[in-house]
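Chemist: Chain by chain, the residues:
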Amino acid sequence: MSVPSLFTLPPRPSRRGRVAVGIIVTLIVVAAFWSININWARLGSLPAEILRYLWLMFSAPDWTKLPEALLQTWRSVEMAWSERCSA
Amino acid sequence: MSALDLPPRPRGRWKPLVAIGVILVITAITLSPQVGISFSFDAIVRNWQNGASKILALVQPDWSFFPRTIPPLLETLEMAVIATFVASLVSLPLSLWAARLTNPNRWTRGIVRTLLNIVRSIPDLLYASVLVAMVGVGALPGIVALLLFNIGIIVKMVSENIEANDAGPLEAGRAAGGTQFQINRVIATADALPAFVNQTLYVLELNVRASTVLGLVGAGGLGLLIDAVRTFYRYDQLSLIILEILVVVIVIDTTSDAIRRRLV
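Protein chains in written order, with our numbering: chain L, 1 to 87; chain G, 88 to 351.
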């Protein structure tokens with residue numbers, strides 16, 4: 001075995017741990033995509049549906065609900081405050 | 088003033104007392120029956136027997152129900168893994184766009200931040216219920232809801248971490264003639280990686296818990312089963328599902344801790 005001189009670079013740190021974790025994570029993700037029961041074709045209709053629902057939600061908001069919505073928002077803030085203080 | 092005199096007491100010692108007083112007043116207002124949420128200890132005391140019987144059922148899990156919980160539990164885990172994976176792919180570039188140090192353009196940064204504020208302000212359960220109406224019942228709306236929920240969290244946390252990082256290496260990269268893209272790819276991404284991995288692992292844990300609830304609105308996973316056993320007052324079966332979620336969350340927490348130690 002040759003003795004390293006002062007000018008040789010130290011060996012690179014091992015990347016085995018990172019590679020192993022990467023492989024395991026990849027396997028888990030592939031297995032999840034493979035085994036889940038989803039009709040991915042339905043994703044194709046999603047953009048059009050999003051636009052349709054955004055139109056339904058924001059084209060003509062029902063302003064008569066505003067007072068009730070504000071009251072319930074205030075109640076939500078109160079619940080969050082009370083929960084935060086008791087925690 | 089001689090050398091042995093004590094220094095004067097610091098001013099503003101009353102400030103913490105005032106802050107505590109303000110907190111107590113606001114808490115009293117929020118709990119009051121007139122303007123608050125009408126919190127009542129009476130209701131708890133009156134219904135304690137009802138609660139006690141349910142807690143008694145919860146501490147006696149129905150182990151024979153275990154095989155029926157496996158497929159929905161697996162679906163919940165699959166939803167969590169897929170949503171975390173896709174969100175992590177989308178979030179890293181968005182985080183670089185949302186941080187001042189890595190995106191000096193005020194307009195694009197403002198647009199990204201505004202969009203993400205909107206995305207973050209909507210709860211995951213609301214996303215899921217609207218998405219179920221859009222694409223139908225199943226795991227797909229659950230995954231998309233989790234994805235939106237995750238992007239909001241990861242980008243917020245990672246971009247704030249980038250902002251808090253030392254700007255020196257980025258300035259050195261700029262001084263060396265690097266373009267913003269090169270600086271972001273070589274320096275900023277490496278700096279942000281520990282925070283990014285941390286947040287992604289945290290989001291995976293969040294997703295497991297969130298995806299169990301999304302099923303309540305038809306978005307797949309354990310939630311559908313939880314809703315079914317809750318409807319039939321089968322608290323013994325519900326407790327088994329809760330135990331399973333607890334075990335899964337502990338396993339994920341331990342594993343992600345080990346991964347974090349190895350990678351970060």
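Bear in mind the hints are in silico, worked out from the structure with no lab data behind them.
Where is the CB? At the ideal position from N, CA and C, for every residue including glycine.
Heads up, a few of these hints could be off.
[Said to hold, decoys possible] One side of the interface only, derived from the structure: several residues of chain G facing chain L at Cβ under 7 Å:
no., residue
1, Ile169
2, Val222
3, Leu227
[Claimed, not checked] For each label pair, taking beta carbons as the anchor points, the in silico distance ranges come out as:
no., chain 1, residue 1, chain 2, residue 2, range
4, L, Pro61, G, Ala254, 28 to 36 Å
5, G, Arg321, L, Ile50, 45 to 53 Å
6, L, Ile50, G, Arg100, 17 to 25 Å
7, L, Val21, G, Pro97, 23 to 31 Å
8, L, Arg15, G, Pro97, 50 to 58 Å
9, G, Thr341, L, Thr26, 45 to 53 Å
10, G, Pro210, L, Ala20, 36 to 44 Å
Chemist: All hints are to be evaluated individually against the structure, with a verdict given for each.
Modeler: Each hint, compared with the structure:
1. Ile169: holds (5 Å)
2. Val222: holds (5 Å)
3. Leu227: holds (5 Å)
4. L/Pro61 to G/Ala254: 28 to 36 Å: violated (43 Å)
5. G/Arg321 to L/Ile50: 45 to 53 Å: violated (37 Å)
6. L/Ile50 to G/Arg100: 17 to 25 Å: violated (55 Å)
7. L/Val21 to G/Pro97: 23 to 31 Å: violated (50 Å)
8. L/Arg15 to G/Pro97: 50 to 58 Å: This hint holds: roughly 53 Å between Cβ atoms.
9. G/Thr341 to L/Thr26: 45 to 53 Å: Once the Cβ atoms are compared, 21 Å apart, the range 45 to 53 Å for L/Thr26 and G/Thr341 is violated.
10. G/Pro210 to L/Ala20: 36 to 44 Å: holds (37 Å)
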